[in-house]
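So the sequence lines, in the order shown, correspond to chains Z, C, E and Y. Numbered per full-length UniProt numbering, the first sequence spans residues 1 to 341. Numbered per full-length UniProt numbering, the second sequence spans residues 1 to 341. Numbered per full-length UniProt numbering, the third sequence spans residues 1 to 341. Numbered per full-length UniProt numbering, the fourth sequence spans residues 1 to 341.
Treat the hints with care, since some could be wrong.
[Said to hold, decoys possible] Cβ-to-Cβ under 7 Å is the rule here; a few derived chain C residues that face chain Z:
hint, residue
1, 1
2, 2
3, 144
4, 147
5, 161
6, 195
7, 338
8, 340
[Unchecked claim] DEER-style ranges, computed between Cβ atoms:
hint, chain 1, residue 1, chain 2, residue 2, range
9, C, 202, Y, 313, 51 to 59 Å
10, Y, 54, C, 197, 22 to 30 Å
11, C, 78, Z, 332, 33 to 41 Å
Since the hints were made in silico from the structure, they are not lab data. Where a beta carbon is used, it is the ideal one built from N, C-alpha and C, also for glycine.
Protein chains: 4
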Amino acid sequence: MRVGLLTGGGDVPGLNAAIRAVVKRGEGEHGHSIIGFRNGWKGVVDGDVMPLTRRDIRNVLPTGGTLLGTARYHPHASDGGLDAALATLEAERIEALICIGGDGTLNAASKVAAAGVKVVGIPKTIDNDVWGTDASIGFDTAVSIATEAIDRIHTTAESHNRVMIVEVMGRHAGWIAVTSGIAGGAELVLAPEEPFDIGRIERFLKHRHRAHASFSIVVVAEGAVPAEGTPMHYETQVGKFGEIVAGAIGERLKVEIEQRTGFDTRVTVLGHTQRGGIPTAADRILASRFGVAAIDAVTAGTSNVMTAIQGEQVVLLPLDEVAGKVKFVPQDLLTVARALA
Amino acid sequence: MRVGLLTGGGDVPGLNAAIRAVVKRGEGEHGHSIIGFRNGWKGVVDGDVMPLTRRDIRNVLPTGGTLLGTARYHPHASDGGLDAALATLEAERIEALICIGGDGTLNAASKVAAAGVKVVGIPKTIDNDVWGTDASIGFDTAVSIATEAIDRIHTTAESHNRVMIVEVMGRHAGWIAVTSGIAGGAELVLAPEEPFDIGRIERFLKHRHRAHASFSIVVVAEGAVPAEGTPMHYETQVGKFGEIVAGAIGERLKVEIEQRTGFDTRVTVLGHTQRGGIPTAADRILASRFGVAAIDAVTAGTSNVMTAIQGEQVVLLPLDEVAGKVKFVPQDLLTVARALA
Amino acid sequence: MRVGLLTGGGDVPGLNAAIRAVVKRGEGEHGHSIIGFRNGWKGVVDGDVMPLTRRDIRNVLPTGGTLLGTARYHPHASDGGLDAALATLEAERIEALICIGGDGTLNAASKVAAAGVKVVGIPKTIDNDVWGTDASIGFDTAVSIATEAIDRIHTTAESHNRVMIVEVMGRHAGWIAVTSGIAGGAELVLAPEEPFDIGRIERFLKHRHRAHASFSIVVVAEGAVPAEGTPMHYETQVGKFGEIVAGAIGERLKVEIEQRTGFDTRVTVLGHTQRGGIPTAADRILASRFGVAAIDAVTAGTSNVMTAIQGEQVVLLPLDEVAGKVKFVPQDLLTVARALA
Amino acid sequence: MRVGLLTGGGDVPGLNAAIRAVVKRGEGEHGHSIIGFRNGWKGVVDGDVMPLTRRDIRNVLPTGGTLLGTARYHPHASDGGLDAALATLEAERIEALICIGGDGTLNAASKVAAAGVKVVGIPKTIDNDVWGTDASIGFDTAVSIATEAIDRIHTTAESHNRVMIVEVMGRHAGWIAVTSGIAGGAELVLAPEEPFDIGRIERFLKHRHRAHASFSIVVVAEGAVPAEGTPMHYETQVGKFGEIVAGAIGERLKVEIEQRTGFDTRVTVLGHTQRGGIPTAADRILASRFGVAAIDAVTAGTSNVMTAIQGEQVVLLPLDEVAGKVKFVPQDLLTVARALA
């Protein structure tokens, strides 16, 4: 059986562990040929193939990045993209396609499945917002990196009267912010799930520092936003800048907090360090289990599903049930974050 | 409300995060007094108390060990132990007791509950064999430490014709061995769940090295045993030694493999490094959630239950349902370990 | 003998290891009393003392921060500050003072020494720019943190056509930028020692990406500056912002590079993560050796000196020879950074 | 110019960083061809060559192991080995040879140099016992791994009355034991430099535990030996075992201490984890500087020298001055280890 494989969207640690599992299990147990496509869907559209054998996956288990390359490209988004993709799959005689990616990639997967191609998805995103699975590949590593950063800042913050802002990833959901905030013991966590009131933040910090504390750590997700009717007066100061830098929200908060409280405020922008480096053991185990489950599903003729972890079980969910939905941080976790601040 | 708190059994990273959560939430939200007992059940029997306030838990979140101390002691195991424990709890006017520990500690907890004391348990063990919960405090950290060790050995093993044995913890269940074996890419994983056939190991290693490989990594749980009727001929050589060292199985395997295959074989015994150091983010989050759930349960008057994580939810399980059972590594995980070897 | 001890300036990992060494050796071998001053020179001026015994230094060896607290305050900079400091030292009957700090703290130390107080300095700064010593406490840890960040970004950068900027500390000297750039394999390192020509950077990046590369990593020290007559045209865009944020140079470079090359450019600002967390083994060893050398020097009646590491030897240098000088990155190291880009 | 390159002896982290530096600088700046030999001197004798270009060294900077492979083989040790090596070098028209290795490899290098071949050595050994250089490639990483292990054991040891033995590498010199003992805060360090008196160890532990301590950590180098006339009575118990396991000294000490003190004693054998994994920033920088210095020396026509780091300078030392000597741990460092126990 000829099985296609691609990794789409942004890099996350653990992709190579999943690729390795698909190849080892697919070639070793099932005798399939695994045909990789370079740079996600782009490689499918361009017919950029890279056959994978066990030799190609030696020593990749603990490595970050993806040996197949990736790209933020969706076939159905460009004219004729979908047709070109289908043409390649036919030309390469691909009998089933395994797509490792986030919301965008999985969306494209269900589109391709709708066109009659057998497709199995594997969820990966450090944002952990793929619906239906307890965890996606890359999330555990990102949280551990963010937590380590908060730990480091803790030791320095203690000896000064200061506000330390740590900006982490999370556009639509605040999983990294909330969990690393709990793990690192942040005083304040700002997530997209709960638009923040800058006035209350000001009062909280002033009260806390007046009371006793010599410092406060604020973890903010890149997608955090002010609540309606709670203007950030000073953001105009960095207006233009607001559009042009990634670190926008962290910098904007800094200006706002300094102007309102007079506390020396510092910003750390973790940026792409959250997407890189050695995957944690948990991410490698998850990726390995997903890879095995995906190739086994393909072998069993299953299609249009996504692997998911639910409790201790790896299960298969219909892609259409999953695609387009966002898994937000549940209330009880937000409560824990608040309770332990 | 006066709430007692103890940590029993062996150390694991994350205990302080759980203690911190109980104190912060209990004192801050519920206005309880948290009375710690030193060295697990021993402190209850001896009346060795340590009242805990928020000051005591500053900066403990990322630390290993337990600020309350611990001991492998069970009140019902010694004459009058249980009565002494109950007497202390009454003298200290403890209205509910939170017990953080493994099988032994939780067992004692249900005994004390049977005597009419309100008790809530929190599972911790790097062995991850507490029944009913996806994970126990300490497991994730232990796996990450074992995996890091396997990663390191990988880079050295490659350039020599060698067998590298890594002995990890796991007396009754092979969770650390199996998961770190998957995460680290071990060639062979020996767990208590599947008694091993030394003859098959010999044939596997000889074939593998004859074929191509320059090395093999064997991860063995301390509780792994040979299958019936598959004698380890050379273990007599280290007979006496067998009783006297912790690293028994690793050393015995080394002798056996060297004698049978002639391959240079090295052993790494991780020992207590698996129980120590900084808890991973995942362990801190789990411990924090358990701590909050336990004190909330106590406040709600719930008793004789254990906190457990099932998927994304923290739930409460009857202690009697859990106590005395062992959670073994499921087949599908053993299959993944084999498939990716 | 009553020996005073203070830590001044910014936090660095390893301060507690030095404090521990002074106390253990001073109390244990020499029978001195060690009198700590809180928050650096401020504590001397305010008479804020904290006697230190072996109990106080338990378990501090691997911790970041400083148990004495620190502050960026110099007695000679404020009216009567120096007199107040001398008054406290006399009131506390301090026979000698050990000052752990960077340029500013050591400067103040020589001022106090000039007033007749016996003083021994210990150099600490992640910038590594203290003259006369191969290394200062904190530098090795900061470099390892910056290098780890570059490693992580490497794995993500590979799969995209991108410029990744990593801003590290280093106001006057580029030690962190140059060494982490070498260790991490950066394509470009911008240090204060060599003002950069933005036009050449533009040409270098365009040529490199046209040629073959899919990405470039640029490490920039916070103190890096454009060379005379090589205007950064677009910085006006972030003009005001330029004054108000710490991450100025990184953000300014980003804007400049994106405007000139059109390459997607991302910035990571490590900020205070470089000053925190667990000290590396090398920093703990250096701090321990400095602490022992300092208390031994004090005991021997030596004064007005600073401990320094030169090769494998810890030596004592006259404070006046050291104070006010800056140790820049030597040419040969800059050459290695360029050669391996 | 055709320059040969080999890595000999045991693996250490940082070898790939040195190889990368030689290739990048040699090819890029000097236009040389770099001819690698596989598996150290064995590859030279067998004519097993591997031409190296910049493509071959992509992404190897942070990796452990050696892409050239290595072997513990010395040409002059086997009949005709030296002649065969010289024949290969002539056949391959090698104009100069860079040898990265420890004492054995550098010894062979000076033999080959004596036969008229231009040779430059680069010192690597986690034992750090190469004479004339402050540090050798691999040492810093090994110390950091051993220190991390001691840190972890610290947190677990605290809550029990126990002796924890950590066996580290170091056959002839105790560099890893002494430095990681200082960095980790061990109570006792046993190094080859100072044969130990088991009776004094017994008295020290008994007194310490009687006095106050709940635990003691003993770091022992694999090459540590009992002093003359201080028999270890119980080692007979593990006599035979003594020959057959690597971890001999650790296990022997355990038995001895348990029998003499009755304290529960545990052993951790770090083994090859000390030789593997990601090189620290310091090791990568050292390796990069050595690689550049070696290829520059070769280009300048220098021969029969070894690169060495002395303070902040990389210098060249005559191979004959270095070969065969052992650099022991100096007294002042042993004193610091004792003083801070």
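The hints, checked one at a time:
no.: 1; hint: 1; in the structure: 17 Å, violated
no.: 2; hint: 2; in the structure: 20 Å, violated
no.: 3; hint: 144; in the structure: 5 Å, holds
no.: 4; hint: 147; in the structure: 4 Å, holds
no.: 5; hint: 161; in the structure: 17 Å, violated
no.: 6; hint: 195; in the structure: 23 Å, violated
no.: 7; hint: 338; in the structure: 9 Å, violated
no.: 8; hint: 340; in the structure: 5 Å, holds
no.: 9; hint: 202/C to 313/Y: 51 to 59 Å; in the structure: 54 Å, holds
no.: 10; hint: 54/Y to 197/C: 22 to 30 Å; in the structure: 49 Å, violated
no.: 11; hint: 78/C to 332/Z: 33 to 41 Å; in the structure: 40 Å, holds
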